[in-house]
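Number of protein chains: 4
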Amino acid sequence: MSRQPIPRFEDNYTEEAAQARRDFLLQQTGAALSHTGHYSLKASDVRNNTENFVGVVQMPVGVAGPVLVHGEHAQGWFYVPLATTEGTLVASYSRGMRIVSESGGVKVTVADDQMQRAPVFEFEDARAAARFVAWLQQSNGDIQREAEQTTRHGKLLHIQHWQVARMVYTRFNFYTADAAGQNMSGKATRAACQWILKHSPEAVTYFALSGAVETDKKHSHMNLVHSRGKRVIAETTLKREVLQRLARTTPETMFKQRQRSAVGAQLAGSAYSGPHSANGIAALFIATGQDEANVVESHAGFVFMDITPEGDLYFSVTLPSVICGTKGGGTGLPTQQECLKLLQCDGEGKAKKLAEIVGATVLAGDVSLLSAILADEWVSSHDAYGRNR
Amino acid sequence: MSRQPIPRFEDNYTEEAAQARRDFLLQQTGAALSHTGHYSLKASDVRNNTENFVGVVQMPVGVAGPVLVHGEHAQGWFYVPLATTEGTLVASYSRGMRIVSESGGVKVTVADDQMQRAPVFEFEDARAAARFVAWLQQSNGDIQREAEQTTRHGKLLHIQHWQVARMVYTRFNFYTADAAGQNMSGKATRAACQWILKHSPEAVTYFALSGAVETDKKHSHMNLVHSRGKRVIAETTLKREVLQRLARTTPETMFKQRQRSAVGAQLAGSAYSGPHSANGIAALFIATGQDEANVVESHAGFVFMDITPEGDLYFSVTLPSVICGTKGGGTGLPTQQECLKLLQCDGEGKAKKLAEIVGATVLAGDVSLLSAILADEWVSSHDAYGRNR
Amino acid sequence: MSRQPIPRFEDNYTEEAAQARRDFLLQQTGAALSHTGHYSLKASDVRNNTENFVGVVQMPVGVAGPVLVHGEHAQGWFYVPLATTEGTLVASYSRGMRIVSESGGVKVTVADDQMQRAPVFEFEDARAAARFVAWLQQSNGDIQREAEQTTRHGKLLHIQHWQVARMVYTRFNFYTADAAGQNMSGKATRAACQWILKHSPEAVTYFALSGAVETDKKHSHMNLVHSRGKRVIAETTLKREVLQRLARTTPETMFKQRQRSAVGAQLAGSAYSGPHSANGIAALFIATGQDEANVVESHAGFVFMDITPEGDLYFSVTLPSVICGTKGGGTGLPTQQECLKLLQCDGEGKAKKLAEIVGATVLAGDVSLLSAILADEWVSSHDAYGRNR
Amino acid sequence: MSRQPIPRFEDNYTEEAAQARRDFLLQQTGAALSHTGHYSLKASDVRNNTENFVGVVQMPVGVAGPVLVHGEHAQGWFYVPLATTEGTLVASYSRGMRIVSESGGVKVTVADDQMQRAPVFEFEDARAAARFVAWLQQSNGDIQREAEQTTRHGKLLHIQHWQVARMVYTRFNFYTADAAGQNMSGKATRAACQWILKHSPEAVTYFALSGAVETDKKHSHMNLVHSRGKRVIAETTLKREVLQRLARTTPETMFKQRQRSAVGAQLAGSAYSGPHSANGIAALFIATGQDEANVVESHAGFVFMDITPEGDLYFSVTLPSVICGTKGGGTGLPTQQECLKLLQCDGEGKAKKLAEIVGATVLAGDVSLLSAILADEWVSSHDAYGRNR
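Residue numbers (the working numbering), protein chains in the order written: chain A, 1 to 389; chain B, 390 to 778; chain C, 779 to 1167; chain D, 1168 to 1556.
Next comes chain A alone, as it looks inside the complex (with noise of 0.2 Å):
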């Protein structure tokens, strides 16, 4: 079988352009595809967000909560919608929102705030390489000038850069406001380095706008070091009453297992040092229209727990790169607005109130995953342990 083209169109952005795609498929491959057909969207809504547009995934969304957050932007009692087909992924964040709500609440901070790009300049050997780095320290003012002409919010904050062989990796950051920031960061980046590329008084032999140093849509140990989108920090004191009540557990038997699982992240050498990051973070990007692919990078980070000397459970979480966003991105989009809404997250400047959100939400997830494993552990197995001799 030769390659038959998917049909486009000159306003390939119609609902008579998806209904032609629809009806190619079905009579390429017999698949109907009525369901994904189903939607309240309007095909030209797409228009910066999906090429050759068929319809829809209907991603169902569950509601946990209400949590209580108090950040810096985030203050009150929340309902976090989570897009997910996990069964007990929403029962179980909710389960925890619960407890640590009667702890009361999750404290929240967002200490880093940037985007990246991270082109890659070579020069004829190192020494060449590092009088460029010299010169590209002196030259910030001029850098930031033309970087900043391409975009109305974004400011380039600070350059870093890597000498390896006779190449120089860098790291160009920029605040980038309400957006999740790659484009802005990408073509700020872009004109800044044509800028370099002309007044460099080393010859560059070969540049890319992209060294792989920032590292888009890829974890990386340098991005759990140098914050990608928001560092956020959520902290709470879970009293000793409400996890044995809600979660039949102790502070002790927390902190206990937290030990070993602590080794055993290293041992394996993970990402996210907690249980499940990944798992509010994804169905809440996917519920808000965040990039769902930017989990990878957002996903990573630090759980810290400590037992109070009042003998409560102060239990934190640091997700050094959260990359999210209110503006751009599928956050125009019908449904993920209402989700948006749904969190008083739409409109300007509401960037880090749902980073704060998210933080909230992966701590009450991982509150919940952590004494469930360890109170099925109580029921079902310690008969076990007494038996075993």
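Think of the hints as simulated: they come from the structure by calculation, not from any bench. As the structure is a prediction and not an experimental result, all values here were calculated from the model. Glycine is no exception: its CB is placed at the ideal position from the N, C-alpha and C atoms. Watch out, some of these pointers could steer you wrong.
Residues from chain A shown here face chain B by an in silico Cβ test under 7 Å; the list is partial [said to hold, decoys possible]:
| id | residue |
| --- | --- |
| 1 | Leu136 |
| 2 | Lys218 |
| 3 | Ala271 |
| 4 | Glu310 |
Guided by the hints, dock chains B, C and D onto chain A, whose structure is given.
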């Protein structure tokens, strides 16, 4: 404001329950979930998928391709449904699919297939732990029997073990047929552990069903080394002529950039050494009802390329931990099932076929993005090169 | 100035040759190697150790201890020779040895013991590579026979394999008795590979004796997971009274710092999660004629501690890849042999005993440094705490 | 047997004290330290190096080279003293030095130079921690002043900070002149922290002088990214003719193996992507009185090579964390000082020169080992290739 619980009902999976929750949320937050409440699935469809169901996110689907695949299971041309809101993603993958198909198509091999649960056992001291390991190896038959009593399709393949301090971290590896298999593996491991805890000649002083080494919903170096899910290898030989005609680049240019980005990936400590595996995986996972959080494990891997004696470009993608299934999770939901049918991946025995299509898709997307970066540089930046002295 | 080659002689391992080279170097550089020329070993002693011999570095040796060890092989009190020029190192290890000994001594277990060479094989495509892997597993008997023909003591334990692209990366794991075993493993693997290359039913398109996965003379996560050398676990329970008396600290203080430094280690992506394994290992390796470059593999590992129900501090060190031997390398040189004798580690069957002493030494040094940091903080910084409001 | 303490004396650095300890050890263990007791240094020489001194290990030194170095500090031909007991090591490095010298020599650049101490500060919550970070940045002048009061040569360059939970992990970066500088950095950081603890507007709830992020005596990804010690880049262009004549291989063969071993390094999670940096570093460190434990940090890095338009082989080694000095540690001991003189690295202002020689040595050793592997393969294994069908 005090905590206002989300309404729940005796049968919580009815349209009335969903509507009641939407009404409740409108009242609490002012957010109308009108579009979210528009769908063709039935509330009862999500009984095993989504608690506190309130509706669906309409995630737009574009179709990329067709792509010519030479798998052991997937053979022929495929139109690949991608659920995404990132503009250019479908177009870019589609372009890559054309390039690889005109070069002869993508050969895909599934080299490994297993799912894990990873209990931890603790003992009086490391020497007792070492004795336990010896006993564990001798007891393989009993353990396998106990594990497999819980499942019709699952097979316990082998148990890995690592000693740290007085703990034994294990990984129970299962074949799980058409399911992604996390639940199957968890249930079987739990049964095996109950037998182990009862019969261990060494006193188990601590046990948990997870010591974090599996590493579920987390990227880890462990999963790069020891596959979690399917180890998928996609290969193609990009013809020089095709690269030049369709991608305005050459094998040498692609290869040169590759060398530099590989160093960048090492510097960054990147989970994936190619351009953007996560994009294609996330979009295909959502379209076909996979667990979207598994993108974090699935996106890790290796790009390897080489210039052939004929001057073409061998280009390969190795994804050690692609977690996908064609049974369970969201695969049975109406739109997701339609997307599986579009790929002829519905029904029995199709999980590896789906994994092969994932591999081909990632490879096509990487070819496209890599060449796009290079072509852009060629067009827009090249001028600067010549003048920068 | 043109290249002036270093003088070589027919018998290059004589005192005359050494003297001639010292004279030559004096003439070329003006540096007199008078002290370097002062030694009691014979030039002929270094025939298998050091080409272009000119003399010795006098590396000062201090003795730490004694330390009370409860190994399977090392039992009793040991005086540990440490070759170092870092002031306080011997004193600090000695102090730690007193603390652990007064707490009852160090229990050490060798949980694994193997050495590797890691050839890579390449094929037409990944599918051929997969068939090769299957054949490799079936051919285990033949391969073992070929490998073991090259060695009296070595045993081929098992072969690991990983597919990336069309390559098969392997790790041939050997038991190497009293030798560290890199050469033995290399020679045996080479012989095995010649048989494999001759008999493989799949055409091998590329082969190299190392695909870099062993990872010789490099730290790697691979070696953290799969032991290269001996997996040594040292454990002790530090008595509260002893810690207070000898280290001016408490179990709780040690543990609290531990929790925080474990997070620091994760943030840094550290090869070892304790204070300074490399110090003790390097000093003991040099003293006993080990290959000092193997410190890089040997220093990786895990510290795990826990407060016991009695309020004491369980403290453990797990070193997965301690590479040491009592035959071969520098172990036979006069001073190094004396140091081995000091530990009763000369003669047959002593490699694991030496590994156990390494483990006990590292643990003692970590106890000492950790408590020193804390005590200093207590004395000098505590004042500041109370006043900083 | 009860604990028999090692004899100590009022002046513990006398020949009598050393002899008394040797006698004691003979009595306790039966081991005569006759050769160990043979040396030309004076017991009083090791006053700042080695407690409980009993003698020396005679570590044999071979001389490799000469190697032609084009550094900013090291220029000309160098004879490199290597203290090692690994047979073939000196010969192999020497061969590599000939290859690189006949190809025109090694260009070396020191691109960074700093040493760290990494205190951790803890606060009531992450928000207080964030405010502390802001204050820390504003207080840079005061902190620098306090730090630099403790040192004549050290300069506080900059302070890095990372928030995890409610902790602030910092890295104080110093320029330390000719010393490796760990002690200088530690002392200066301690003084700075006392000022910080006194003046912080936020209550510090926990403090330790090390939060483990420096990472002293441990390899870490942190140190791959942010240099600890000197960032050394060594480059050469291996002439095709020289490679063929002296190494029986070609640029293409070297490059082909490189591509595969780079993938192996990624699979293994290797700290160094080349053949064996640790060998040359360890041997040169011991010869010149460096802290041998610092090999673990120093050995990490990158190999990058490329075939030039002329068909030669650009070959580079980047070592981000070479920790070496020409003052302090063991550099002043008689034999070590002689070895420094051999390199004209004694006296003021020679630390970077020494680092450049380290870089050139590592590069030469990697060239040699890589080509040896390939030549052996050529001779002995090639035959098998042609016949294995």
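- Item | Per-residue hint verdict: Leu136/A, partner chain B, C-beta under 7 Å | 14 Å, violated
- Message: Under 7 Å is the threshold here; is the Cβ of Lys218/A close enough to any Cβ of chain B for the hint to stand?
- Response: Since the shortest Cβ distance to chain B is 5 Å, the answer is holds.
- Message: Take the shortest C-beta to C-beta distance between Ala271/A and chain B; is it under 7 Å?
- Response: Hint on Ala271/A: holds, closest Cβ of chain B at ~4 Å, below 7 Å.
- Message: Interface hint check: Glu310/A, Cβ to nearest Cβ on chain B, cutoff 7 Å. Holds or violated?
- Response: 23 Å, violated
In terms of the numbered hints stated before, the structure departs from hints 1, 4, listed from lowest to highest.
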